[in-house]
Amino acid sequence: MNNGTIPACASGLNAATLSAWRDSALSAAEAERVRVHVARCAACQERLAEYEAIARIVRGQHLSEPDERLWRGVRADMASQRAGRRGFPLAFNTSGAWRSLAAVAAVLLLVVGFAKVLQLGSLHRVVTTSTPSATLRPASSWSTITFNGTSAGYLEPAVAPSDARVIYLGATDQHGPVVLRSTNDGKTWQTLRVPTTDLAADPNAKGDTFEATPSPTDANTVLVTLTSFLSNSRCPRVSNPTGGVVSDPACFFQYLSHDGGRTWTSVTLPSPNAVIGLIPLTSALLRTPSSGTLIAQRGRLYAALSPNPDTTSTAGWRLVSSSDGGSTWAYADQALVAHRVNLTSYLPDATGAGAWVLAVPASSTPGQGPVQLWRTNDGTRWYQAKLPQDCSQNCTLVGATTLASGGSRLVVSDQQTPFEVTTDNGAHWQVIPTTGVPSTIESGLEAGASAGSAGVLSDGTILAMFVAPSPPDAGGDASQSGYYAWSPGAHSWQRVTLASPSYPPYMSWLTMRPDGSYTIWVLGAATGGKLLVASADLG
Amino acid sequence: LDRLRSYLWLAAMRAGGHQKLETTVLHRQIQDETFETFFRHFERDIFGYLCRMTGEEQSAYDLSQETFLRAWQHFAQIRTYDRPRAWLFRVATNLALNYLRGRPSEVDIACIGDEGGHPASSDPAWRLAERDLVRETLLELAPRQRAGLVLREVYGLSCEEVAQTLAVSRDAAKMLLFRAREQFREHYTRQESGR
Numbered sequence: 001m002n003n004g005t006i007p008a009c010a011s012g013l014n015a016a017t018l019s020a021w022r023d024s025a026l027s028a029a030e031a032e033r034v035r036v037h038v039a040r041c042a043a044c045q046e047r048l049a050e051y052e053a054i055a056r057i058v059r060g061q062h063l064s065e066p067d068e069r070l071w072r073g074v075r076a077d078m079a080s081q082r083a084g085r086r087g088f089p090l091a092f093n094t095s096g097a098w099r100s101l102a103a104v105a106a107v108l109l110l111v112v113g114f115a116k117v118l119q120l121g122s123l124h125r126v127v128t129t130s131t132p133s134a135t136l137r138p139a140s141s142w143s144t145i146t147f148n149g150t151s152a153g154y155l156e157p158a159v160a161p162s163d164a165r166v167i168y169l170g171a172t173d174q175h176g177p178v179v180l181r182s183t184n185d186g187k188t189w190q191t192l193r194v195p196t197t198d199l200a201a202d203p204n205a206k207g208d209t210f211e212a213t214p215s216p217t218d219a220n221t222v223l224v225t226l227t228s229f230l231s232n233s234r235c236p237r238v239s240n241p242t243g244g245v246v247s248d249p250a251c252f253f254q255y256l257s258h259d260g261g262r263t264w265t266s267v268t269l270p271s272p273n274a275v276i277g278l279i280p281l282t283s284a285l286l287r288t289p290s291s292g293t294l295i296a297q298r299g300r301l302y303a304a305l306s307p308n309p310d311t312t313s314t315a316g317w318r319l320v321s322s323s324d325g326g327s328t329w330a331y332a333d334q335a336l337v338a339h340r341v342n343l344t345s346y347l348p349d350a351t352g353a354g355a356w357v358l359a360v361p362a363s364s365t366p367g368q369g370p371v372q373l374w375r376t377n378d379g380t381r382w383y384q385a386k387l388p389q390d391c392s393q394n395c396t397l398v399g400a401t402t403l404a405s406g407g408s409r410l411v412v413s414d415q416q417t418p419f420e421v422t423t424d425n426g427a428h429w430q431v432i433p434t435t436g437v438p439s440t441i442e443s444g445l446e447a448g449a450s451a452g453s454a455g456v457l458s459d460g461t462i463l464a465m466f467v468a469p470s471p472p473d474a475g476g477d478a479s480q481s482g483y484y485a486w487s488p489g490a491h492s493w494q495r496v497t498l499a500s501p502s503y504p505p506y507m508s509w510l511t512m513r514p515d516g517s518y519t520i521w522v523l524g525a526a527t528g529g530k531l532l533v534a535s536a537d538l539g
Numbered sequence: 001l002d003r004l005r006s007y008l009w010l011a012a013m014r015a016g017g018h019q020k021l022e023t024t025v026l027h028r029q030i031q032d033e034t035f036e037t038f039f040r041h042f043e044r045d046i047f048g049y050l051c052r053m054t055g056e057e058q059s060a061y062d063l064s065q066e067t068f069l070r071a072w073q074h075f076a077q078i079r080t081y082d083r084p085r086a087w088l089f090r091v092a093t094n095l096a097l098n099y100l101r102g103r104p105s106e107v108d109i110a111c112i113g114d115e116g117g118h119p120a121s122s123d124p125a126w127r128l129a130e131r132d133l134v135r136e137t138l139l140e141l142a143p144r145q146r147a148g149l150v151l152r153e154v155y156g157l158s159c160e161e162v163a164q165t166l167a168v169s170r171d172a173a174k175m176l177l178f179r180a181r182e183q184f185r186e187h188y189t190r191q192e193s194g195r
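Sequences listed follow chains A and B, in order.
Residue 487 in the working numbering is what sits at position 487 of the first sequence, and the numbering runs on without skipping anything.
Residue 116 in the working numbering is what sits at position 116 of the second sequence, and the numbering runs on without skipping anything.
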């Protein structure tokens, strides 16, 4: 291995990106850009050669082979178990390992549940009375939701923001894609057949419902995205370096219903083969509780239009809007595009036409930044605002609220600094300390407050999910994990308690309604191969 | 939400996507085989992985035994999985991380093979030193970085599978792998130049 220092890439491509490229963990567009760059960059080639050398060295390590002692030990344990007692391992102190057996089993069931997309047997939902954020009350009631044996290919329940009793769930039964719809908070469910005209050309193409997204303003309007890549032999499986994601736009079909799923029409987009709504417009919270891919603002719907429905990439996004409930869509970001930037996140004000946007220079490689913050008060004129110094790469728009003065209070986050707040359009930023969050979990803010694990209530209170950095079965302290609230003017975070069940170790997310209320959804313990989902509404 | 979506998306792909073909054959084989066959199929991978994780032969035996006992306890389920190896790696990883947290400071007999020279040298002394160097460098890494690097580079798990095994997000796994490589390089070159 080279003992010297590897020269830095003259074009500024960082080593982390090269590493991710080696791991096939970039989007197709990013990977292609890196590939082209590497072909002519000696420094990057050298670093990649070093990474390859590391792989060879680790692979080439000579280890002893297991001998028959191992099988004898396992067999002895098996015999002991059959006899009702536990055999002892060869010399291993099992106290730590056995302590977490139950947790490991539960987690494995959960993980395996995801991996195999199990039959969804029941959905649990906890509802609490919405309360002011300063006195968040624990979840008080549970209800069990059952389906009639339909396989839920995708688990994410989408609660209509305008009527929380209406819930949609994309699913698949033996005949093809369906949408499950409940109008009574999940007590009963109706199976809606989705058109498969586009799929019918191939008798082998059964199709699956990929997503069902209700309109933020009308509970009877729902956008569904079907995909046929799982069963359609004519649907090319595009090899994607992000991990096998199939992302051929021709495999996706979108339909809209304005009558709760009785009739469906096609969606008209400004670009052929594109899809809308598959990518949240901000990695923070949106106006749609579940899927978060349609935004309502002043009677219009906004969505991200993706030229390529690869959910892990933001390359080539455009902002589109519809004024007819989602039937026809047009570009809505021309004014911003004129500034030669590409939008990556869009966070509208709850009222008015204002919005915050994160964007990157159009000339830069997606994901390489530098990220810029832009603000509009009227949707047409944009100006650039200053981001905190340490928020130029993994910056996330957490939430914005309107101040009494009419200005906007914006909360951003990145992985180094959980939360920073500005009330003067970025001229000054206040760092929110993690006071009050137990030290065992303060470094575990989920994904830098992105991905729906944090948000801002209408009174400015920040809600954030903190978890132990290690999973419980690896010794992490899950007892303190959960949502914490920071109210404006407060001096410490306050833990939001759930009466029953307690927070699960993994998979929790936060969604928001137009009235500013929030729902916490949690994937509960897995029992018998069933995934349970619970949620708690918080004001 | 995009995190969840990615999980579901990838999970769906894994359930019905391109990886299914290559695993179906193995899946069917396992259906018809006994637990011992299952054990024989994976013992080298699991033992080797735990050797690299702990650096100790005895611990690798103990943790491998524990891993396979758990596999036997859940064999009715595991034998239906498309990728039982991922399950085994996940259990082995959790056991190893637990073990390393409470490990006494004394180092056990190292996991060093008796045969097989490094292609770069035929000198037995050099080979031994090289093996020690790799082992020491791996043990210098944080356990989760070590797990990620070994799973990715030795056993070919994808970034997403590493993320699932370590129960972290995909972005966190990317960063973990990057840091593991940089740390490995730094420790390795430092120790190499000190010899």
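The set of hints was computed from the structure by calculation and includes no laboratory data.
Idealized CB from N, CA, C, for every residue including glycine.
Some hints here could point you the wrong way.
[Stated by the list, open to error] Sample of chain A residues with no beta-carbon within 12 Å of chain B, all distances over it, derived:
hint, residue
1, V36
2, W71
3, Q190
[Unchecked claim] Simulated restraints, written as ranges between beta carbons of each label pair:
hint, chain 1, residue 1, chain 2, residue 2, range
4, B, E186, A, G352, 28 to 38 Å
5, A, G316, B, E186, 34 to 44 Å
6, B, G102, A, A16, 27 to 37 Å
7, B, E192, A, D67, 23 to 33 Å
8, B, E192, A, R35, 27 to 37 Å
9, A, R340, B, G102, 26 to 36 Å
10, A, S492, B, T34, 53 to 63 Å
Quick rundown of the hints versus the structure:
1. V36: Label holds. Min Cβ-Cβ 21 Å, cutoff 12 Å.
2. W71: Not fine: 6 Å to the nearest Cβ puts W71/A too close to chain B.
3. Q190: Given that every Cβ of chain B is farther than 12 Å from that of Q190/A, nearest at about 23 Å, it holds.
4. E186/B with G352/A: 28 to 38 Å: violated (52 Å)
5. G316/A with E186/B: 34 to 44 Å: holds (37 Å)
6. G102/B with A16/A: 27 to 37 Å: Taking Cβ atoms as reference, G102/B and A16/A lie about 32 Å apart, which means the hint holds.
7. E192/B with D67/A: 23 to 33 Å: holds (32 Å)
8. E192/B with R35/A: 27 to 37 Å: holds (31 Å)
9. R340/A with G102/B: 26 to 36 Å: Hint violated: Cβ distance 56 Å, outside 26 to 36 Å.
10. S492/A with T34/B: 53 to 63 Å: Between S492/A and T34/B, where Cβ atoms are some 58 Å apart, the hint holds.
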